[in-house]
Amino acid sequence: MSLPPGFLDELRTRVSLAQVVGRKVTWDVRKTNAGKGDHWAPCPFHQEKSASFHVDDRKGFYYCFGCHAKGDAISFVKDTENVSFIEAVEILAREAGMAMPERDPRAQDRADSRMKLVEVMEQAVQFYRLQLRTARAQGARDYLARRGLQEAAQARHELGFAPDDRTALTSALTGKGIAVDLLAEAGLVIVPEDGGRPFDRFRGRIMFPIRDVRGRAIAFGGRAMSAEARAKYLNSPETPLFDKGRSLFNHQRAREAAGKAGSLIVAEGYMDVIALSEAGFEHAVAPLGTAITPDQLALMWRMADEPIIALDGDTAGLRAAMRVIDIALPLVTAGKSLRFCVLPEGLDPDDLLRAQGAPAMQALLDGARPMVDLLWQRETEGKVFDSPERRAALDKTLRSALQRIADPSIRAHYEAELRDRRAVFFRRERPPRPEREPFAPGAFRREWKPGMGRPVRQPMPTAGAKSSLLARSDAGPEAEARVREAAILCVCLNHPGLAAEYDDPLDRTPFLNPDLAALRAALLAALSECLDKPEPRTHLLACVRTALGEDPMPRLMAIGQVRLNPHLGPGAEPQHARTALADTLAWQAATVGMGAELREALQALAGRGDTAAGEAADLTWRIGQAAEARNKAARGHSRAAESATVDEESLSAHLQSFIDDQIWVKKKR
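Quick note: to get the numbering used here, add 31 to the position in the sequence shown (first position is 1).
Rather than coming from a laboratory, the hints here were simulated on the basis of the structure.
As a list, the in silico SDA-like pairs of lysine to any residue whose alpha-carbon atoms are at most 20 Å apart:
| id | residue 1 | residue 2 |
| --- | --- | --- |
| 1 | Lys62 | Phe96 |
| 2 | Lys291 | Ala394 |
| 3 | Lys291 | His85 |
| 4 | Lys207 | Val156 |
| 5 | Lys564 | Ala578 |
| 6 | Lys55 | Ala65 |
| 7 | Lys55 | Cys98 |
Taking CB as the label site, the calculated pair distances span:
| id | residue 1 | residue 2 | range |
| --- | --- | --- | --- |
| 8 | Asp69 | Ala186 | 25 to 33 Å |
| 9 | Ser81 | Met131 | 36 to 44 Å |
| 10 | Asn64 | Gly227 | 51 to 59 Å |
| 11 | Ser559 | Ser81 | 48 to 56 Å |
| 12 | Glu560 | Pro439 | 29 to 37 Å |
| 13 | Asp195 | Phe116 | 45 to 53 Å |
Think of the CB as a built atom: it goes at the ideal place given N, C-alpha and C, for glycine as much as any other residue.
Let's have the full structure, built from the sequences with the hints guiding it.
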């Protein structure tokens with residue numbers, strides 16, 4: 032079966048050699064630099080322990096320095112899977128989502144036609160470059176000089192000029208024996224449907240050659256010199272060589288430069304890319320007059336893990352950035368995302384570089400923002416959320432954005448990040464929290480009034496809380512409380528967003544250990560100013576460390592149950608961390624409250640021997656309420672009622688026994 036060269040080129044572009052080889056080898060983490068597409072492993076073609084097999088993912092080739100095996104993705108599949116060349120192509124095409132071309136005896140003819148088009152395009156490049164040196168291109172040269180592009184820079188980027196003449200190119204190339212039909216197929220000439228005389232597509236424009244990843248001229252972009260032109264920029268139409276949704280300006284040069292720089296800059300236009308390149312930022316590309324497409328994103332991710340979208344600071348630039356988010360969200364994977372560099376309003380990269388120089392541009396690139404930043408800005412900036420309905424509308428919009436993320440792990444992290452931002456955003460709109468009295472014995476009694484039903488208690492945790500590492504131990508009440516308090520603080524320090532969400536119960540819950548209570552106070556004091564930072568956890572730990580004069584984490588990690596619980600650390604799944612915090616807060620409040628009520632009741636009875644039956648019943652009821660809360664925290668709602676009844680009866684019997692022993696003891700008046 033004869034395959035057109037264009038098909039194989041497209042296949043090699045779409046397939047990542049590192050991913051293909053990675054299924055057969057284990058990369059050497061010491062030698063591999065995945066960010067630069069540089070991978071090393073023991074060779075799959077011969078027995079060895081050292082990593083002498085090298086994969087250059089950016090160039091798409093592998094080589095073994097031991098057995099000298101070499102090739103590309105197709106040859107690797109062919110040799111490792113023991114299949115034919117066509118079968119290897121079919122395997123890779125399926126992975127890349129490409130349909131195999133039908134068997135066509137004319138495929139070679141089409142391949143030959145493409146090669147002829149490439150030759151025609153090279154002839155056009157040379158024609159336009161020569162025209163830039165003529166007298167009628169003086170205005171174009173002056174314009175380029177004003178933009179800071181001298182003759183050497185013009186030559187480096189192969190800039191040219193299309194004369195304002197309807198047949199300049201047509202006459203020059205047909206004079207060399209090139210057919211008009213071939214010029215039209217290459218997108219250089221327009222042939223009127225009414226049979227009129229063919230004419231040049233590009234006239235009175237500075238010309239920018241567009242080359243594919245292999246360096247072949249496949250299209251042009253033209254910048255009009257006349258203010259009266261209907262289009263300031265004009266691109267070649269789609270041709271057998273050129274698909275603008277799958278092409279990037281400066282692709283060939285940027286690929287090698289991106290490997291060295293470890294990053295890729297995505298600018299808006301040709302002049303921006305050229306200006307960046309001349310300023311030392313050779314790792315820059317631009318889409319071709321359209322919004323960034325999924326295919327272009329795939330090309331960018333082959334060059335860098337997190338391309339930086341550098342857009343003009345005007346309204347149109349911001350709108351373009353927001354459109355990119357919607358295209359990228361379904362495609363992001365672990366380690367493959369975008370960052371955004373929004374320039375000052377009214378400036379593009381070319382303007383900024385000429386006005387402030389390369390250091391200013393580098394500073395903006397260093398401060399590029401993650402995609403979640405722009406997503407949050409898009410949904411909240413300039414909007415007011417002063418009603419439940421408006422807040423619900425924001426939640427709906429954010430959920431819709433999250434649903435577009437295909438990768439479940441990334442979706443979970445986005446959900447946690449947006450939840451943290453939402454907590455901070457709405458926290459600022461809440462009135463200041465009033466000063467609250469510390470927890471004291473009798474709290475259940477003070478909260479209850481006749482006719483109000485039973486006292487209000489903390490929300491109860493899941494039934495699984497009792498089986499956790501934090502639930503019970505053989506130590507005394509203070510030691511058990513220390514485990515719970517350390518667990519609460521560990522979750523809050525590692526997940527500031529959860530701490531903000533649970534700040535009220537965190538503030539109310541009694542702590543028995545003074546050192547941990549001081550840590551809680553420092554945490555709550557620092558919480559509001561750290562949540563809007565790029566790294567809220569890092570900032571919170573730094574603030575707490577400053578307030579206490581020591582790092583709090585070693586003190587917490589010294590407790591085995593805390594150190595071993597996977598749901599308390601920074602890498603815990605958000606929902607697991609949330610459950611651990613809610614359960615432990617409820618268990619702490621209920622257990623400490625139960626102990627406080629019992630101590631007060633016994634002190635009250637011990638203080639006077641003539642306790643009335645009504646007061647004894649009241650004390651018994653209060654202890655029963657505390658017992659019920661404790662049982663619910665330990666066992667969950669499903670078993671709470673039965674357990675509470677048993678505990679209440681037991682406590683009532685204990686108190687009644689105490690009363691029977693003491694009630695006849697008369698105090699001296």
